[in-house]
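Single-letter residue listing:
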Amino acid sequence: MPAAVELQQLTKDFRTGWLGRRRRAVDGIYLTIPTGAVCALIGPNGSGKSTTIKLLLGLLTPTAGACRVLGSSPTEVAVRRRMGYVPESAVWPEQVTAREWVDLAARLSGLSGVGVKAAVDAALDAVDLGACADRRIGTYSKGQRQRVELAQAIVHGPELLILDEPAEGLDPESAALCVAIMARQRARGGTVLIASHQFDVLESVCDHVAILGRGRLCAAGPLATLARNSERAPTFAIEAASSSLVDELQAWLDARGARLRPLDATGQHLGALYRETLGAEPGRASR
Amino acid sequence: MKTDLRACGLIALHGVRVSVRQRLFIGVGAAVLVFAWLALELRAFHFGGGEVRLVADLAVAAWSIGGLAVTLMLTLGHLGGECGHRARTALLSKALAPRAFVAGHWLAVMIGVGLFVVLMLGVTAGLMLRTGGPDARVPWATLVQVGLLTLAKGGVVAAAVMLVCGLVRSGALAGWLAVLLVVAGQLRGVFAALPERMQIAGPVVARVIEFVVPDLALFDRGGALGAGQRIEWTDTAWLGAYAGLYAAGFLALAIQVFRRREI
Chain R
1 MPAAVELQQL TKDFRTGWLG RRRRAVDGIY LTIPTGAVCA LIGPNGSGKS TTIKLLLGLL
61 TPTAGACRVL GSSPTEVAVR RRMGYVPESA VWPEQVTARE WVDLAARLSG LSGVGVKAAV
121 DAALDAVDLG ACADRRIGTY SKGQRQRVEL AQAIVHGPEL LILDEPAEGL DPESAALCVA
181 IMARQRARGG TVLIASHQFD VLESVCDHVA ILGRGRLCAA GPLATLARNS ERAPTFAIEA
241 ASSSLVDELQ AWLDARGARL RPLDATGQHL GALYRETLGA EPGRASR
Chain B
1001 MKTDLRACGL IALHGVRVSV RQRLFIGVGA AVLVFAWLAL ELRAFHFGGG EVRLVADLAV
1061 AAWSIGGLAV TLMLTLGHLG GECGHRARTA LLSKALAPRA FVAGHWLAVM IGVGLFVVLM
1121 LGVTAGLMLR TGGPDARVPW ATLVQVGLLT LAKGGVVAAA VMLVCGLVRS GALAGWLAVL
1181 LVVAGQLRGV FAALPERMQI AGPVVARVIE FVVPDLALFD RGGALGAGQR IEWTDTAWLG
1241 AYAGLYAAGF LALAIQVFRR REI
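Chains as they are written, first to last, in my numbering: chain R, 1 to 287; chain B, 1001 to 1263.
Keep in mind that the hints were calculated from the coordinates and are not lab data.
Where a beta carbon is used, it is the ideal one built from N, C-alpha and C, also for glycine.
Among the hints, a few may not be true.
What the hints assert, rightly or not - Computed footprint of chain B on chain R; a stretch qualifies when at least three of its residues, placed anywhere within it, have a C-beta under 8 Å from a C-beta of chain B:
(1) 72-80
(2) 95-101
(3) 105-111
What the hints assert, rightly or not - Some chain R residues near chain B, calculated using beta-carbon distances under 10 Å:
(4) K54
(5) L57
(6) G58
(7) T61
(8) M83
(9) Y85
(10) P87
(11) R136
(12) H156
(13) L249
Please model the complete structure; the sequences and the hints are all you need to start from.
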């Protein structure tokens, strides 16, 4: 079975300003995402995540290198039929209803006949929009628009689902819905590539990770392997029967220069790996 | 090919739906109503029996200006500006060939222009009957040919504006360039003559304008309605072929632009 995504020395330059100065957005990336993986694409703002995704969708042409998606070039229309894409910001025409837009997405993706209505209903129900699907998109809240984006991306049952900041600014319920959709995609053997800054969302579902910095691939591979190879101090979870025991343990550790930190926030493994790989806080790593 | 045709139809349907919801078709109806209102108001004045002529002259202006306005409004409404750009990104990320995208939007605009032509045919015929007295007759053949030529002109303008929308990202700039293109097309004879007065490279510039800019004034045959003249079907056919050639050329270029365009 071919890898879902194969990037070989993928490079993309943009020309900016009146003088057409060359700016390298993606710099010689080698990356393979196996079929069935849920891969997190993380990196600071301006690190080349969205550009990489647009190259994968065939919306941009690489300056150098090669990009293969599901065994073919992403510029082939037939391949794009097997992909679903959730863009970074809501881009849908506000005058149409969610049902009409998802219906158009389904038909453009090759569905036809009686199967379209069932697929559209299923996709709208999956994002919990079934009850208000006949309202115009312009009347929706931000969270509802994001759900429309998710629905149009999954309506045709894509083999590869690409999500660019899908949970940005969403309430916890909508973020959980996004995670559920990714988990469902993995359960049916599909592949997911998600770019996001929300490590709790990513860590709850991703099994692979690719970290970008200044357009370069800094680290990539299975999340468990990367975490194991990490140089940072190991972290343990302690199941204490009473708080007094925790206090005693804290005092003992304090005396030996270690510290006890609560593990109630998820996403810290990936967050720590991110900071360690890029060697700085997210804001500084992009400069 | 079958897939492209299907996608083209889906995009055209989507374009018409967005136009209806954007109330762009109200603009089409308003253009026709303004023409009818002007004609009826001016009919109250005595023009020495020239009422029919007056209505026909008004028709010429309404067909020409209204047709151009409707075409520009629909095309820029679909593809111009940030909204158009974002919707374009959303659509082109799907399994949609650029040729189906361009042809579908062009078809949607042509449906709008076709609606304008049908409404104008009805209103012009009705006004000619009302102002022409008991022996009034509607020159149907001429009227239909005027309608067909307006449709052909709309096809050329829509294709040219789509090319402009593909070349520039700014909606405002696309709008200004589209208006400039239409003005250049209407006044092509004047523009083509100007460079000949220049000493250096004048004839070359004149040739380039003649080749690149279609002569839109050729399609304004509404004057025949007022003068009671006939339009030869062979002329209409030739003008149809001329329009088809330019529209196909502009559409082919627009497809190439959208194919190479990075979003």
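Subject >> Contradicted hints - numbers only >> reply: 13
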